[in-house]
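Letter by letter, the chains look like this.
Number of protein chains: 4
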Amino acid sequence: MVFSEIVTKEKISLNDAILLEGLPGVGNVGKLAAMHLIEELNAKKCIEIYSSHFPPQVLIDDEGIVNLVNNELYYYNGKGKERDLLFLVGEYQGIDSPGQYDLCQTIISLVKEIGVTTIYTLGGYGLGKLVPEPRVLGAATSKEVVDSFKKAGVEFVDGEPGAGIVGASGLLLGLGKLQNIQGGCLMGETSGYMVDPKSASVVLKSLQKLLGVNINLSELEERAKQVDSITNQLKDIETNDKEDSPDMNYIG
Amino acid sequence: MVFSEIVTKEKISLNDAILLEGLPGVGNVGKLAAMHLIEELNAKKCIEIYSSHFPPQVLIDDEGIVNLVNNELYYYNGKGKERDLLFLVGEYQGIDSPGQYDLCQTIISLVKEIGVTTIYTLGGYGLGKLVPEPRVLGAATSKEVVDSFKKAGVEFVDGEPGAGIVGASGLLLGLGKLQNIQGGCLMGETSGYMVDPKSASVVLKSLQKLLGVNINLSELEERAKQVDSITNQLKDIETNDKEDSPDMNYIG
Amino acid sequence: MVFSEIVTKEKISLNDAILLEGLPGVGNVGKLAAMHLIEELNAKKCIEIYSSHFPPQVLIDDEGIVNLVNNELYYYNGKGKERDLLFLVGEYQGIDSPGQYDLCQTIISLVKEIGVTTIYTLGGYGLGKLVPEPRVLGAATSKEVVDSFKKAGVEFVDGEPGAGIVGASGLLLGLGKLQNIQGGCLMGETSGYMVDPKSASVVLKSLQKLLGVNINLSELEERAKQVDSITNQLKDIETNDKEDSPDMNYIG
Amino acid sequence: MVFSEIVTKEKISLNDAILLEGLPGVGNVGKLAAMHLIEELNAKKCIEIYSSHFPPQVLIDDEGIVNLVNNELYYYNGKGKERDLLFLVGEYQGIDSPGQYDLCQTIISLVKEIGVTTIYTLGGYGLGKLVPEPRVLGAATSKEVVDSFKKAGVEFVDGEPGAGIVGASGLLLGLGKLQNIQGGCLMGETSGYMVDPKSASVVLKSLQKLLGVNINLSELEERAKQVDSITNQLKDIETNDKEDSPDMNYIG
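Protein chains in written order, with the working numbering: chain Y, 1 to 252; chain A, 1 to 252; chain G, 1 to 252; chain F, 1 to 252.
Calculated directly from the structure, the hints in this document are not laboratory data. Some hints here could point you the wrong way.
Identical chains share a label here; the pair holds if one copy fits it or two copies do between them.
Straight-line C-alpha distance at most 30 Å; calculated BS3-like pairs for lysine-lysine [what the hints assert, rightly or not]:
1. Lys209 <-> Lys81
2. Lys9 <-> Lys44
3. Lys112 <-> Lys44
4. Lys81 <-> Lys225
5. Lys225 <-> Lys150
6. Lys143 <-> Lys9
7. Lys235 <-> Lys112
8. Lys143 <-> Lys45
9. Lys143 <-> Lys44
10. Lys81 <-> Lys235
11. Lys11 <-> Lys177
12. Lys11 <-> Lys150
13. Lys129 <-> Lys44
14. Lys150 <-> Lys235
15. Lys235 <-> Lys143
16. Lys79 <-> Lys235
17. Lys143 <-> Lys11
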């Protein structure tokens with residue numbers, strides 16, 4: 001009953017590689033960060049994952065060509081001391097709980113075979129309010145990863161996120177831990193109200209230190225400025241509204 | 001756990017055939033178009049598909065006879081240069097996402113064996129407003145099909161439909177593409193508020209050119225006129241209401 | 001993953017038997033009718049059906065003893081010209097669509113082996129308003145059953161029920177038809193607002209004629225009178241309210 | 001498609017043991033009672049149960065370490081005449097109905113093999129109002145267990161709980177009964193509005209008598225006093241509000 005198809009675009013083998021998960025989530029922080037990294041590192045697509053755990057839907061590209069909803073893996077061969085990287089991205093996560101488990105199990109098997117030994121998941125941590133200076137919060141499968149994250153400026157706040165981590169960012173770590181794959185989650189603080197390139201940018205700054213790669217963040221930071229500018233305009237309008245009509249609350 | 005039964009009413013084999021999908025959807029455009037074509041071409045039922053992915057329900061015909069909800073295939077042997085056709089119609093699509101995948105996979109296997117090499121799916125593209133002159137939008141599995149659709153007057157608008165195509169009309173193409181079956185979707189613009197024979201009629205006009213068949217559309221066009229007439233009466237009433245009570249908005 | 005257990009309390013074999021389904025539904029008409037028949041005919045329990053398609057729940061009897069939610073079969077050996085009967089009753093139907101299909105398939109296999117050749121399903125037809133003189137509407141798997149139902153006073157109204165028959169009452173007929181088991185559904189008209197013994201009673205009157213059994217309906221009719229009495233009191237109160245405050249609608 | 005993993009932390013074998021279920025539920029009464037018992041008896045973790053029937057989620061401990069959502073078994077070797085105990089606890093029950101069945105079946109198989117012959121499930125019985133002196137209500141798989149519960153001060157009220165017992169507390173008994181495992185449920189009355197240590201404490205008092213163990217309840221009773229104190233303050237505020245503004249209802 002479950003449909004699943006793994007399409008191998010390029011057969012690859014990596015060495016002691018890190019899987020970087022950047023599927024859609026709060027503020028799309030993880031997706032933005034992973035997509036930016038794929039572009040900057042010029043990572044190449046190697047695998048497409050199709051599954052009935054995704055919505056029954058095709059997306060249409062600019063040429064009018066349909067493509068079934070999927071998740072995709074991109075790889076990057078580390079230069080010098082850099083570790084090999086594998087990226088997990090896509091338009092959707094599994095649509096229900098058993099589907100999430102099934103997909104994450106499939107992906108872990110797949111990436112282990114390719115040579116992945118560590119999993120970093122990237123996501124947003126929604127605060128429900130504007131975050132002028134977002135921090136990067138962490139969680140990890142072991143004390144060692146916690147320590148390495150702390151050295152990269154990732155903060156660990158006791159009891160946060162209180163609800164744990166839901167979805168692929170949590171499940172890949174939890175299921176990976178059961179299979180002795182170490183890893184951790186980098187969560188950029190975000191309002192959760194909109195796509196948040198600033199949060200993605202601070203996540204990437206921590207990731208740079210962790211991975212020892214140098215990434216040009218100017219494009220993301222430019223987009224972050226644009227979002228900031230729009231947000232500030234909205235705040236100004238709101239403030240002016242209040243100043244111009246001081247009696248409104250009294251009357252209303 | 002999954003119940004599935006294929007009942008073969010007539011054993012058939014087609015040659016380089018086109019599957020035309022017309023299951024219920026927005027404005028029932030695809031269903032209206034496919035049912036009209038079945039009637040005009042006098043296509044014959046060959047297969048019934050029963051599945052626990054459909055609602056647990058029987059329908060009752062005019063004689064009081066119950067029939068389990070299903071999907072059905074009708075065939076038409078092309079005359080002269082016409083290609084053979086197979087129609088997929090029914091009262092329901094699969095009721096959930098894994099069910100949609102499972103049914104579409106079953107149907108693709110089934111029709112491939114019968115001789116289908118191309119899939120055209122028919123549907124409506126809901127605009128959320130009245131559409132006096134509906135266009136036919138397209139999406140396809142390959143550049144070749146896009147070009148053939150354009151020659152038949154089908155329009156490709158960059159980034160539309162933005163949400164892609166959900167349900168059997170999308171999935172049959174997406175899953176078919178993974179199995180090297182080419183195809184495309186014809187979407188008649190429609191308000192989405194009601195069953196729309198005018199939109200079905202424009203879809204059929206494009207389809208005539210694609211298939212090289214000649215179809216009498218007078219019945220559909222008659223129904224389209226009736227719907228137009230009712231819509232106009234409703235608009236008149238609405239307009240008069242507004243004119244007769246100019247102060248309502250002021251007072252209210 | 002699917003849990004299913006058939007517990008045989010008494011091993012039985014019937015001859016050309018009729019399955020009478022009376023699971024919960026609109027107005028609990030089918031359940032009331034089947035339970036009344038079981039009591040009047042002193043039918044005996046032979047099989048318990050447990051399944052993960054039922055709610056994860058135990059019921060507690062008057063002694064404080066828990067019993068897992070199930071469906072049960074009761075049998076009655078026909079006397080003289082009477083046909084053997086098997087009753088399907090329970091507190092719940094399957095909780096989702098695939099579960100309904102799975103349970104009905106299981107039940108059909110089970111009862112065929114016991115000797116069932118005909119299925120009559122009993123239910124209510126909700127009208128959304130009080131029904132002083134409920135009729136019994138029918139639907140069936142074949143012209144022959146339609147004719148036999150008509151002779152028993154069952155009415156066939158063109159296009160009713162428009163939505164067909166949902167749940168076990170429909171599915172047992174639809175799936176049975178695919179396996180060449182004939183049958184039909186008897187639907188007592190009911191408001192659908194409350195448990196309706198009057199509707200159950202008219203269904204049983206039709207059933208008596210169909211089965212050629214004589215059933216004492218006095219208890220059901222007594223309960224029907226009580227429900228009528230309460231309904232009339234409620235109507236009186238409502239009417240008086242309106243009479244005492246004649247201006248309410250005018251003012252409001 | 002279903003993911004399930006049993007991780008054995010310590011291989012154990014018990015003798016004629018009792019399983020005590022304390023998963024989350026109404027007022028978290030069962031969970032509080034079981035966790036208190038685990039602590040007081042210094043029971044040790046022996047098994048972790050992972051399953052795709054739990055939410056796709058990791059929890060984060062105080063060190064920032066992620067752990068996949070699971071259920072856990074703790075054991076206690078009875079001293080002298082005490083029976084061996086096995087505890088079932090966790091942060092979640094199965095998230096849907098088939099998942100509940102599947103997990104409970106898995107757990108019953110597992111604990112039977114370890115040596116469990118009796119199942120006591122612990123829960124809350126929500127009354128929807130404050131309960132100054134909560135009673136412990138019972139339900140059981142047999143007359144014998146009912147009698148033993150009554151001797152321990154557990155009350156059986158005819159027709160309560162009217163809705164039966166939903167979830168693991170009911171299902172473990174119902175499925176266990178089908179496998180000839182006896183057992184019963186202890187339900188502490190609770191408002192259902194908040195976590196209720198007082199209700200957990202009265203459940204444990206009954207359990208002490210049933211198990212013949214001596215448990216220090218002072219910590220739970222201290223927490224119960226704190227909750228009582230807060231509740232009383234809230235009631236005072238509410239009462240004062242009403243007294244200070246006697247006309248509010250009149251005016252409003």
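Do the hints match the structure? See the list:
no.: 1; hint: Lys209 <-> Lys81; result: within (13 Å within a copy, 61 Å between copies)
no.: 2; hint: Lys9 <-> Lys44; result: within (10 Å within a copy, 42 Å between copies)
no.: 3; hint: Lys112 <-> Lys44; result: within (18 Å within a copy, 33 Å between copies)
no.: 4; hint: Lys81 <-> Lys225; result: neither (33 Å within a copy, 61 Å between copies)
no.: 5; hint: Lys225 <-> Lys150; result: within (27 Å within a copy, 41 Å between copies)
no.: 6; hint: Lys143 <-> Lys9; result: between (37 Å within a copy, 20 Å between copies)
no.: 7; hint: Lys235 <-> Lys112; result: neither (48 Å within a copy, 58 Å between copies)
no.: 8; hint: Lys143 <-> Lys45; result: between (33 Å within a copy, 21 Å between copies)
no.: 9; hint: Lys143 <-> Lys44; result: between (33 Å within a copy, 23 Å between copies)
no.: 10; hint: Lys81 <-> Lys235; result: neither (46 Å within a copy, 66 Å between copies)
no.: 11; hint: Lys11 <-> Lys177; result: both (26 Å within a copy, 21 Å between copies)
no.: 12; hint: Lys11 <-> Lys150; result: neither (35 Å within a copy, 37 Å between copies)
no.: 13; hint: Lys129 <-> Lys44; result: neither (37 Å within a copy, 43 Å between copies)
no.: 14; hint: Lys150 <-> Lys235; result: neither (34 Å within a copy, 47 Å between copies)
no.: 15; hint: Lys235 <-> Lys143; result: neither (42 Å within a copy, 46 Å between copies)
no.: 16; hint: Lys79 <-> Lys235; result: neither (45 Å within a copy, 68 Å between copies)
no.: 17; hint: Lys143 <-> Lys11; result: between (34 Å within a copy, 26 Å between copies)
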